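Undergrad: Chains as they are written, first to last, in our numbering: chain E, 3 to 202; chain B, 109 to 669; chain V, 471 to 826.
It should be emphasised that the hints constitute simulated quantities derived from the structure, not laboratory data. Treat the hints loosely; a few may be bogus.
What the hints assert, rightly or not - Partial selection, computed: residues in chain B whose CB lies under 8 Å from chain E:
1) Ala173
2) Ile299
3) Leu352
4) Ala602
5) Ile605
Said to hold, decoys possible - One-sided excerpt, in silico: chain B residues whose CB lies under 7 Å from chain V:
6) Thr430
7) Pro435
8) Gly437
9) Ala505
10) Val509
11) Arg575
Nothing here was measured: the structure is a model prediction, and the numbers come from that model. Backbone N, C-alpha and C fix where the C-beta goes; we use that ideal spot for every residue, glycine too.
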Amino acid sequence: MQPSVAVPISVDPEKSWVLPNRGIVGMWCLITAEAAIFLIFIVAYVYYLGKNLSGPTPSEVLELPIFGTICLLSSSLTVHAAVVALRKGNVRRCALALALTVALGAIFLLTTAKEWHHLIYEAGLTIRTNLFGTTYYSLVGLHATHVIVGLLLLTAALLFSLSGRVTEEHAERLEVLSLYWHFVDAVWVIVFLVVYVIGR
Amino acid sequence: MANATTTLEAIDLNSPAARPPRASVIYEWLTTVDHKKIGLMYIVYALLFLVVAGAQALVMRIQLAVPNNHFVSPQVFNRLFTMHGTTMIFFVAVPVLFGFGNYLIPLMIGARDMAFPRLNAFSFWLSAFGGFLLYLSYIAGNGLYGAGSAPDVGWFAYAPLTAKVFSPGHSTDYWTLSVLLSGIGTTGTAINIVATAFCMRCKGMTLTRMPLFVWLYLVASCMVFVVVSPLSAAQIMLCLDRYLGSHFFDTQAGGSAVLWMHFFWIFGHPEVYILILPTFAFMNEIIPVFSRKAIFGYPAMVAASVGIGFVSLSVWAHHMFTVGMGPAGNTFFVFATMVVSVPTGIKMFNWLATIWGGKVIYQVPMMFAVGFLFQFLMAGLTGIMLSAAPFDWQLSASYFVVAHFHYVIVGGILFSLFAAFYYWYPKMTGRMMSERLGKWHFWLFIIGFHITFDFMHIPGLLGMPRRVYTYEAGRGWEVWNLIVGIGAIIQTIATLIFVYNLIYSYFRGKIAGPDPWDAWTLEWATASPPQPYNFAVEPTITSRRPLWDLKHPEDPDSSYE
Amino acid sequence: MNYFQLKTRLTVQIPANLLTAALKGFLVLSAQALLAGSPTNIFDPAATPARSIFGLSMLVLSVTLAIFLIVGGLLLYALIRFRHRSSDSGHEPAQIYGSNQIELSWTVIPILIVVMLFLSTTRVIWQTEAAPKPASAVDVTVIGHQFWWEYRYPKLGVVTANELHIPISNPQKPSPAFLEMSSADVAHSFWIPRLAGKTDLIPNRVNTMWIDPPVAGLYLGQCAQYCGTQHAKMLLRVYAESPENFTAWVKQQQQPANSDLSGNPLAEEGRAIFLRNACTSCHTVSGTSATGRFGPDLTHLASRDTIASGPIENTPQNLRKWIDDPNIMKPGSLMPSMHLNDHDLDAITAYLAMLH
């Protein structure tokens with residue numbers, strides 16, 4: 003094997019070699035994997051509908067969490083605004099939008115906590131009460147866990163942008179994070195439909 | 109410039125520098141994010157567990173050599189088969205295959221490292237911890253105040269046997285958590301492989317010029333996302349059942365045992381395709397080089413691999429033909445399982461056509477590849493037998509199935525792995541493995557393999573179920589079990605020869621140089637072992653076999669593609 | 471028939487049929503020769519479900535054998551014919567990248583084989599699983615336990631354990647046994663290879679299967695789904711009997727437990743010890759105060775050939791050893807040792823040995 007061989011190959015110098023951004027590709031892969039986990043919990047939820055041997059049923063104890071849902075879905079708009087702002091180099095506006103996102107997400111969590119408090123202490127539904135309790139708390143709880151993780155990451159981004167460490171060149175990374183947040187919101191849409199609309 | 113010339117120049121052929129001090133070497137390995145070192149760690153880790161799980165198999169075969177034997181108690185035996193299966197799948201097969209992928213994929217696409225080096229290291233250490241946790245159960249399985257006991261629920265841990273009431277103590281939890289962690293690690297590596305394949309290819313390497321090796325790992329990794337998550341979800345549900353009193357698989361509260369089976373096999377069947385696709389990857393590189401011909405039908409091979417990836421997601425309930433899904437359900441899964449044999453068969457034929465008209469060189473990697481071809485053919489055919497549901501009603505959960513899947517995993521995957529070891533060991537260490545020891549390894553192993561696994565089909569046909577710690581005399585099973593045990597001993601000896609060869613060749617093997625096999629993909633354009641940065645100058649390529657083009661400038665592949 | 475059709479028939483169809491028939495015959499003969507003598511041989515069917523499976527399996531085996539011979543043969547040929555020889559010129563061989571026609575043909579032919587196998591398989595699935603139940607069928611409810619089998623005949627009022635008795639089924643006037651199966655604890659599987667394929671017993675689920683052996687005899691099998699420590703010794707014994715013998719057996723099983731123990735004072739003492747010990751919390755002896763359901767029904771224990779679900783012969787010595795400490799003969803069995811003294815053991819054994 004010769005150390006150096008030059009083979010004349012005519013390569014068009016204008017044709018650029020552009021490959022996808024690895025953060026975006028990686029995040030889509032993660033989203034696929036997480037979607038598969040959620041799908042299994044949703045399948046379990048749907049499979050066990052109507053199969054309780056005893057205990058409260060969905061229609062007896064569930065109420066539509068409209069306010070929390072509006073907050074969570076709006077936070078998708080605000081995080082998108084944050085990315086757009088950072089793309090334009092407007093770090094202040096980005097920080098503001100991030101703060102709004104975190105706030106809206108936190109409100110959503112609080113409404114979930116309030117709902118669970120009511121279910122456990124007033125309606126008598128826990129994870130071990132019956133099949134509905136099992137599948138409800140695990141599905142909504144899994145989603146809430148993902149919201150918490152997302153909020154932690156968004157708060158970190160917010161703190162970095164407030165301390166002046168974030169610049170326009172981080173816009174693509176923020177977009178990767180926002181992709182995760184959009185996924186979390188999309189999952190909530192499905193959970194909402196399955197649990198609170200169809201399942202009741 | 110109007111006429112740019114591109115080169116594969118500036119390959120550093122100098123051997124590595126003098127040995128640094130020991131402590132800094134250990135620190136370097138513990139904190140490395142270099143894909144080559146991580147790949148090697150995966151491989152060595154897997155080899156250690158291969159030896160452990162192999163020893164477990166040997167003990168089981170001794171117990172089963174004669175009826176009503178008392179070599180081990182039923183409790184110990186049940187832990188042995190659980191640990192053997194769990195270890196082999198999650199802590200041998202997955203790490204070794206992803207270790208090879210880690211090492212070779214960046215080299216084959218002309219990149220400097222994987223897309224996410226730190227995620228790479230994190231995934232390895234997480235998986236490694238999972239293996240440690242599984243074996244910790246031997247000491248800690250009953251918690252702080254009980255004695256140790258490893259899990260004994262079988263590697264697929266059917267509900268409700270895994271419920272707290274039927275499996276008290278913590279042994280089952282060690283199974284659940286170790287596999288869960290290893291699954292997260294595998295998902296991390298899969299994310300890395302997909303991002304690397306899509307985003308890190310060198311100039312000129314379009315997806316249609318990517319080595320088939322990388323294509324197969326790409327498909328396998330995409331499958332990992334869709335497939336490991338159902339298992340993780342099911343294991344979370346199992347933990348909730350066991351500790352928070354939920355009722356996912358609690359049949360006394362209306363839960364369903366069959367639901368666990370569905371979730372497990374939605375993972376479990378595609379998992380074995382995730383294991384076989386990298387195996388095909390090795391064959392796609394080795395068979396052409398040793399037949400001195402390009403792979404026959406590259407586009408069909410890509411299409412078949414993607415097809416296998418998709419169809420294999422729909423066949424899972426052929427593990428559940430006896431569960432009572434009803435004739436309609438059974439019929440669907442018969443159809444899907446038989447369909448997946450078509451793209452798999454296409455791959456066999458393409459390999460046959462690659463060899464046809466070539467000039468086959470029988471060095472050790474090719475010998476193992478030939479073993480693979482015949483054995484995978486047979487394994488696929490016994491798979492067809494099992495896909496015919498009524499036949500499966502007899503054969504399922506019997507030794508016929510055990511023989512079938514060991515034929516695939518040992519006769520197929522392990523043989524292909526041995527070929528990969530002999531083929532890429534020179535690249536990874538700079539030295540050739542001993543051809544003489546390799547031939548001893550091959551012949552002993554293939555004889556032992558056939559003695560064990562050919563004859564293992566027969567007790568299954570005679571009604572012997574699996575997972576039994578002993579059996580009744582007078583059913584015609586005795587002589588076959590004895591023969592199977594003898595083959596196991598022969599394979600053990602062969603494996604020890606292999607391990608010795610690995611160690612011996614590291615110190616005394618012939619110096620290999622960058623391209624000992626006269627091969628055609630980019631990894632052979634680096635030093636052996638490669639420099640940490642792999643390529644001094646990012647290569648630009650114009651065909652599927654860049655080194656063929658360099659060696660045959662009068663007849664490059666690029667004029668045919 | 472024109473010339474072309476005749477040519478095809480002579481050169482393709484007839485040889486193919488002959489080849490398939492020859493392979494099938496070879497397989498049947500060698501299978502039976504190789505595996506003769508085993509009472510659990512799936513290729514020695516003794517009932518309709520097993521027979522349908524046997525027919526399908528012979529078809530599948532001959533097709534796969536043919537594929538193996540052809541593909542394996544081509545592979546072997548290529549590996550020998552095209553090997554590198556030292557006399558070679560040193561040039562690389564012609565590089566061939568693909569061929570659309572060849573690749574199409576080896577896609578289409580496997581698809582055709584798959585279609586054929588699929589249709590044959592589907593027919594047997596529906597034949598077996600969707601078979602109608604004749605009015606003269608015997609209904610048995612089978613419940614799996616860790617590590618024994620409970621059999622209830624709901625229309626006959628019989629409850630027994632571990633040994634299933636069914637009448638033989640005359641092909642002209644079938645009287646198959648229809649089994650409804652579930653489990654009281656974990657998943658098990660009912661497998662008698664000579665009678666039928668296996669069907670799982672799963673808690674909170676009812677599966678059904680049927681068997682119709684025309685020949686009287688004892689058919690063996692065992693649990694085929696790992697269910698815990700003693701999965702290996704959860705054996706199956708199916709006694710297919712002539713209609714008269716079956717009726718006699720049913721009559722005997724319908725009686726309450728033998729209460730005439732006069733002439734055997736040890737057995738009378740044994741009954742008293744049995745009834746005041748914890749035995750009654752797990753076992754039923756009908757006609758007494760023992761109504762436990764966790765363990766096997768012992769009403770007619772002495773009429774069985776084996777104890778502990780098959781692995782132990784039912785003799786007084788074995789019975790005594792078993793009661794003394796079940797975990798010696800079947801470690802991991804859920805029956806605890808009752809720690810009885812020698813005299814009590816003798817008495818209880820004597821009593822149980824009288825429960826015909």
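Undergrad: Now, for every hint given, state plainly whether the structure supports it.
TA: Do the hints match the structure? See the list:
| no. | hint | result |
| --- | --- | --- |
| 1 | Ala173 | 42 Å, violated |
| 2 | Ile299 | 4 Å, holds |
| 3 | Leu352 | 5 Å, holds |
| 4 | Ala602 | 33 Å, violated |
| 5 | Ile605 | 31 Å, violated |
| 6 | Thr430 | 5 Å, holds |
| 7 | Pro435 | 4 Å, holds |
| 8 | Gly437 | 10 Å, violated |
| 9 | Ala505 | 5 Å, holds |
| 10 | Val509 | 11 Å, violated |
| 11 | Arg575 | 4 Å, holds |
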